[in-house]
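Given the coordinates of chain A, assemble chain B onto it according to the supplied hints.
Protein chains in written order, with the working numbering: chain A, 2 to 210; chain B, 2 to 210.
Take these hints with a grain of salt, some might be off.
Each pair may be met inside one copy or between any two copies, as identical chains are not told apart.
What the hints assert, rightly or not - Cut-off 30 Å, straight-line C-alpha distance, at most; resulting in silico cross-link-like pairs (DSS-like, lysine-lysine):
(1) K51 <-> K88
(2) K65 <-> K3
(3) K39 <-> K65
(4) K88 <-> K39
(5) K63 <-> K51
(6) K56 <-> K140
(7) K56 <-> K3
(8) K88 <-> K65
(9) K39 <-> K98
(10) K39 <-> K3
(11) K63 <-> K88
(12) K88 <-> K56
(13) K88 <-> K3
(14) K63 <-> K140
(15) K51 <-> K98
(16) K3 <-> K140
If you are wondering where the hints come from, they were derived from the structure by calculation, not from laboratory data.
Protein chains: 2
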Amino acid sequence: MKYCPNCSANLILRTPEGDNRARYCCDSCNTIFYQNPKNVVGTIPVYEDKILLCKRAIEPRKGKWTLPAGFMENGESSLEGAIRETKEEAGAEVTIKSDSLYTLFNLPTINQVYIFFRAELSNLEFFPGIESEEVLLYKERDIPWSEIAFPVVKTTIENYFEDRRTGSFPVRMFTVNHHRDRTVSTVLISASDVQSTDRNRITEKATSS
Amino acid sequence: MKYCPNCSANLILRTPEGDNRARYCCDSCNTIFYQNPKNVVGTIPVYEDKILLCKRAIEPRKGKWTLPAGFMENGESSLEGAIRETKEEAGAEVTIKSDSLYTLFNLPTINQVYIFFRAELSNLEFFPGIESEEVLLYKERDIPWSEIAFPVVKTTIENYFEDRRTGSFPVRMFTVNHHRDRTVSTVLISASDVQSTDRNRITEKATSS
Numbered sequence: 002m003k004y005c006p007n008c009s010a011n012l013i014l015r016t017p018e019g020d021n022r023a024r025y026c027c028d029s030c031n032t033i034f035y036q037n038p039k040n041v042v043g044t045i046p047v048y049e050d051k052i053l054l055c056k057r058a059i060e061p062r063k064g065k066w067t068l069p070a071g072f073m074e075n076g077e078s079s080l081e082g083a084i085r086e087t088k089e090e091a092g093a094e095v096t097i098k099s100d101s102l103y104t105l106f107n108l109p110t111i112n113q114v115y116i117f118f119r120a121e122l123s124n125l126e127f128f129p130g131i132e133s134e135e136v137l138l139y140k141e142r143d144i145p146w147s148e149i150a151f152p153v154v155k156t157t158i159e160n161y162f163e164d165r166r167t168g169s170f171p172v173r174m175f176t177v178n179h180h181r182d183r184t185v186s187t188v189l190i191s192a193s194d195v196q197s198t199d200r201n202r203i204t205e206k207a208t209s210s
Numbered sequence: 002m003k004y005c006p007n008c009s010a011n012l013i014l015r016t017p018e019g020d021n022r023a024r025y026c027c028d029s030c031n032t033i034f035y036q037n038p039k040n041v042v043g044t045i046p047v048y049e050d051k052i053l054l055c056k057r058a059i060e061p062r063k064g065k066w067t068l069p070a071g072f073m074e075n076g077e078s079s080l081e082g083a084i085r086e087t088k089e090e091a092g093a094e095v096t097i098k099s100d101s102l103y104t105l106f107n108l109p110t111i112n113q114v115y116i117f118f119r120a121e122l123s124n125l126e127f128f129p130g131i132e133s134e135e136v137l138l139y140k141e142r143d144i145p146w147s148e149i150a151f152p153v154v155k156t157t158i159e160n161y162f163e164d165r166r167t168g169s170f171p172v173r174m175f176t177v178n179h180h181r182d183r184t185v186s187t188v189l190i191s192a193s194d195v196q197s198t199d200r201n202r203i204t205e206k207a208t209s210s
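Extracted from the complex, chain A is given alone in its bound form (with noise of 0.2 Å):
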């Protein structure tokens, strides 16, 4: 940022009075321009034992598979976002149970927060959206691991599969961190079901980026 979005002047990088981070400020028009992480929100399209994966048509990750998902906009809530998205992005229809929400993430080395639910296809109709190539359904043996988008994805993906074997679904939070050195991790930072053994147990995984 350079001009204030108000009145055009000049914006001054600093510490507002009472503040402890340096934010973009307009002297002219008194106005302080916060910057906060935004959310991504997308659904985990399910039909019996299968799950829906659009390969991405544009960049980042062109080529790769990944769940339906994007930015989640003024005006709706994060689960209407979610359906909002998975119609966009895989043509598709889904219903939602009362128990939907399912896993979260943090990216605080991006700025974003990703939520996604767990949804079920209303139907067989699905087709690509502007931003997919190809929309298909994956047995849990197929899924091509290797060649998924994002890790928030992928360890979507394998906790519910994993879940599904139990059939209880519980609610993870994760925070994944971006490393100089091209990696990614992901730790595990909150769970719904913990029991006490596990209270103090952290995953970590790193990946290649």
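Chain B alone, transformed into the frame defined by chain A:
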């Protein structure tokens, strides 16, 4: 927004090609400015059978009681943000367990998402930060229910004391709607321990704004 923060040209509010919503667009430097919901993160700081509440020293809702919470910042996780806000607003150090994620609220009418974590006070040293007039530990029977600042805070405290009786703390997601007649309604849209008989049960509570 009137002026481009990059080049100070006049912005135009229009739907970009391939999009379906109006955005602030700069035709001078070809930039689209997206506006997205912001996250507010906070804790329920617990000590024995009591919770810590802050009396607001600032608007909105000056003089009303709230849980320590504030806008999530770039570069931090939601949990780190919640711990930071607890220090800033209540002067309190907290410890977190592995099942700390507790309530999530979508507030689509004001473009916010609230996330609360359960936390335990590390000690009895706490003091009002710059945005608080007073910080007090409250037993359930003493909670000033009619003086709670926000519906998200009231719902979180109600759920906490209810769950405390069973020892089970499911993660719950709500949507909060602000209506034209100044009432506010809170709808449960997802909970991690939903029983099959409860799957279609929806809770809606209307409170005055």
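Each hint tested on the structure:
1. K51 <-> K88: within (18 Å within a copy, 45 Å between copies)
2. K65 <-> K3: neither (35 Å within a copy, 38 Å between copies)
3. K39 <-> K65: Answer is both; intra-copy 23 Å and inter-copy 29 Å each pass.
4. K88 <-> K39: both (21 Å within a copy, 24 Å between copies)
5. K63 <-> K51: Within one copy, since 23 Å is at most 30 Å while 52 Å is not.
6. K56 <-> K140: within (16 Å within a copy, 53 Å between copies)
7. K56 <-> K3: neither (37 Å within a copy, 37 Å between copies)
8. K88 <-> K65: within (19 Å within a copy, 42 Å between copies)
9. K39 <-> K98: Both: 25 Å inside a copy, 26 Å across copies.
10. K39 <-> K3: both (21 Å within a copy, 22 Å between copies)
11. K63 <-> K88: within (19 Å within a copy, 42 Å between copies)
12. K88 <-> K56: This pair counts as within: shortest intra-copy Cα distance 15 Å, inter-copy 44 Å.
13. K88 <-> K3: Close neither inside one copy (37 Å) nor across copies (32 Å); limit 30 Å.
14. K63 <-> K140: Within one copy only: 22 Å inside a chain, 54 Å across chains, cut-off 30 Å.
15. K51 <-> K98: Result: close within a single copy only, 17 Å intra versus 34 Å inter.
16. K3 <-> K140: neither (49 Å within a copy, 50 Å between copies)
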